[in-house]
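A.B. asks: Model the full structure from these sequences, guided by the hints.
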Amino acid sequence: MITRLLVANRGEIARRVFATCRTLGVETVAVHSDADADAPFVAEADQAVRLPGNTPAETYLRIDLILDAARRAGADAVHPGYGFLAENAEFAAAVTDAGLIWVGPPAKAIAAMGDKVAAKALLAEAGVPMLSTWTDADEITDFPVLVKASAGGGGRGMRIVRGAADLAEAVASARREAAAAFGDGTVFVERYVERGRHVEVQIFGDTHGTVAALGVRDCSIQRRHQKIVEEAPGVLPHEVRERLHEAAVAAGRAVDYVGAGTVEFLLAPDGEIYFLEMNTRLQVEHPVTELCTGLDLVRLQLMVAEGQPLPENAIDPHWMRGYAIEVRLCAEDPAQGWLPATGTLHRFAVPGVAREFGNLRAIGLRLDSGVVDGSTVGVHYDSMLAKVIAWGQTRAEAIRLLADALTRAELHGVATNRDLLVRILRSPEFGAVEIDTGFLDRHGEVFAPLLPADQLPLVALAAALATAAARRAAAPVLAGLPSGWRNVPAFPQVTRYAGPDGEIEVRYRLDRSGGLAEWSASPGAGSTARTDGLAPDGAAPASGSSPDKAAPAGGPTPVVSLVQATPDRVVLDVDGVRRAYRVHRVSSEVFVDGPDGAASLTELPRFPEPTAELAAGSLVAPLPGAVTRVHVEVGQRVAAGDLLLTLEAMKLEHPVLAPADGVVAELPVAAGGQVDTGAVLAVVNPE
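With the numbering used here applied, the sequence shown covers 399 to 1085.
I should point out that these hints are in silico values taken from the structure, not numbers from a laboratory. Keep in mind that the hints are not guaranteed to be accurate.
To be verified - For lysine to aspartate or glutamate, the following DMTMM-like pairs were computed, each having C-alpha atoms within a straight-line distance of at most 20 Å:
#: 1; residue 1: K506; residue 2: D495
#: 2; residue 1: K518; residue 2: E537
#: 3; residue 1: K506; residue 2: E704
#: 4; residue 1: K506; residue 2: D654
#: 5; residue 1: K518; residue 2: E670
#: 6; residue 1: K518; residue 2: E704
As the list claims (entries may be wrong) - Label pairs and their in silico Cβ distance ranges:
#: 7; residue 1: R719; residue 2: T955; range: 46 to 56 Å
#: 8; residue 1: H636; residue 2: D1059; range: 51 to 61 Å
#: 9; residue 1: E488; residue 2: G1070; range: 26 to 36 Å
#: 10; residue 1: R840; residue 2: G1071; range: 34 to 44 Å
#: 11; residue 1: E754; residue 2: H636; range: 33 to 43 Å
#: 12; residue 1: G842; residue 2: E488; range: 40 to 50 Å
#: 13; residue 1: P921; residue 2: T742; range: 27 to 37 Å
Even glycine gets a Cβ: it sits at the ideal position worked out from N, Cα and C.
C.D. replies: Written as structure tokens, this is what we have:
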């Protein structure tokens, strides 16, 4: 029996495993880097052991440190979570050699599936359908193809190549990213199927010879080959579902599989299925299977690790109930080339959550989160903050519930992909199951923010009124007077904000009763301009340091009256319709959540301090990271869109591109160097 379990992972998956352990009376041990010392998963464990350092290579990828932590904490079992060492056969063997219970498949099975080239050959002999695969790039004549990492998953190291001219660079880039993420830069190439759906089967094996399929998941909505929307049981013909189950079980039996695993397939438009890979661990998207089966997959993992047989209700795959959809809420800006976001998460609140980390007993929401209010989002780890999962009796019901909860969530302090997720869920094509792995490439409309541009003036007005109310409430004398009150009304109050489209200036005047006498909102005297060299679609360059003014959309000014203004809530009557805005202030930042969407504004000082101006053509770092490569030299002539250098942050490579034709005037960074947000990476003098 397992009595004290160490989870060799972090964040959301560590909290997920701890939640099941609490229901079973199993004590828990966390390991943590210095960056994670104050993370929620550390506080929730019964014991915690520090791994000195910050990066994965210094901490969560150190087998010796984790085994020493297990020894010091008196753990008798290790759960690897997912990512890091979860699919490392050497780690699995080291755990068992140390006399500990390994909550996962045998090291032999992990090794067999860990080399994806060898795994494809092995499973092809077992009758599992395969795509054409190459290990020698010189043998490839038919395109498009997909470059993939042999030692890992999660989309890292994947590159679509549509022509021979791009193959060499794609292979080299994939090798670097795979080596950084998994410690192994081996890659291979397989045929790429256009308009294919990514579907997968959850399998479970025990030590008594049983391998069961626990249903299908559809994970076709992806960004950068990483899943962001997952659903179960998936809308599939019965015959296709049966073939998927049979192929997945055959794959598991071919390697005498034990524990939780996922066999991933590509479903081609003609209905054919092809093996992609087998993940020898619990998947990120396992909650949708749990909600549709009623099973606790972590509990099953612990049972199997203790030598118990799978229960009967885990062997029959045909009794799925209802429909579940999961989204991965990530700290990133989809509209800016998926640029990761860092900082402090001042507020993290998803309304209507029925349960965290567990099964639901009725229609509702589940939240699996690695963060709470005040959590710090750094650059060392994956950008995923949480998973929000909805279960309903039908797919349409789950979609509506999940989209509404995301829309009303308060996510303050870092940029997230929330708006994109809502637009995907509400798109007609998603509702009609017209989905495949290229969905985002074809539907650029889902990248638009939820908040319409013509609503930004009202949001800014709400921010200004709430700020004024907060200042009056904190006033040491005469706090009951309306803000800006004058004996003889003359000039309006003026507040300037930096917003999503540049500066916006709000002018308003209250009457003697505290009502809104007049107001206006217009572009401010200055504007913000992106100078990070990363394009909205990740391909075209940004505009360097040249100004790029943006103003709220034109149109008639609505008739607005003030119903209520408190420091955290403003109610406006807009053309006869009451609209409530929730306002949260943190220093000069103002976060406003309204009926049409959310916006983050930064109040600008009335008299700003003088600052040094960047040289024209300067490209600055959008976030802290490491410069992995520099592709140009000072004095070199470049064209718009040319690759200048590459940053690595949050386990991904981010290209920095030339904003215009010109000459490289400065290169203050070198390969291998670390940079902070705002550091100048290059200066390109435009022609």
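A.B. asks: Confirm or reject each hint.
C.D. replies: Hints, one by one, checked against the model:
1. K506 <-> D495: Roughly 14 Å separates the two Cα atoms, so the pair holds.
2. K518 <-> E537: holds, 18 Å
3. K506 <-> E704: Holds: K506 and E704 sit about 18 Å apart, inside 20 Å.
4. K506 <-> D654: holds, 9 Å
5. K518 <-> E670: holds, 17 Å
6. K518 <-> E704: violated, 30 Å
7. R719 <-> T955: 46 to 56 Å: holds, 52 Å
8. H636 <-> D1059: 51 to 61 Å: holds, 57 Å
9. E488 <-> G1070: 26 to 36 Å: At 28 Å between Cβs, range holds.
10. R840 <-> G1071: 34 to 44 Å: holds, 38 Å
11. E754 <-> H636: 33 to 43 Å: Holds: the Cβ-Cβ distance is about 34 Å, inside 33 to 43 Å.
12. G842 <-> E488: 40 to 50 Å: holds, 44 Å
13. P921 <-> T742: 27 to 37 Å: Holds: the Cβ-Cβ distance is about 29 Å, inside 27 to 37 Å.
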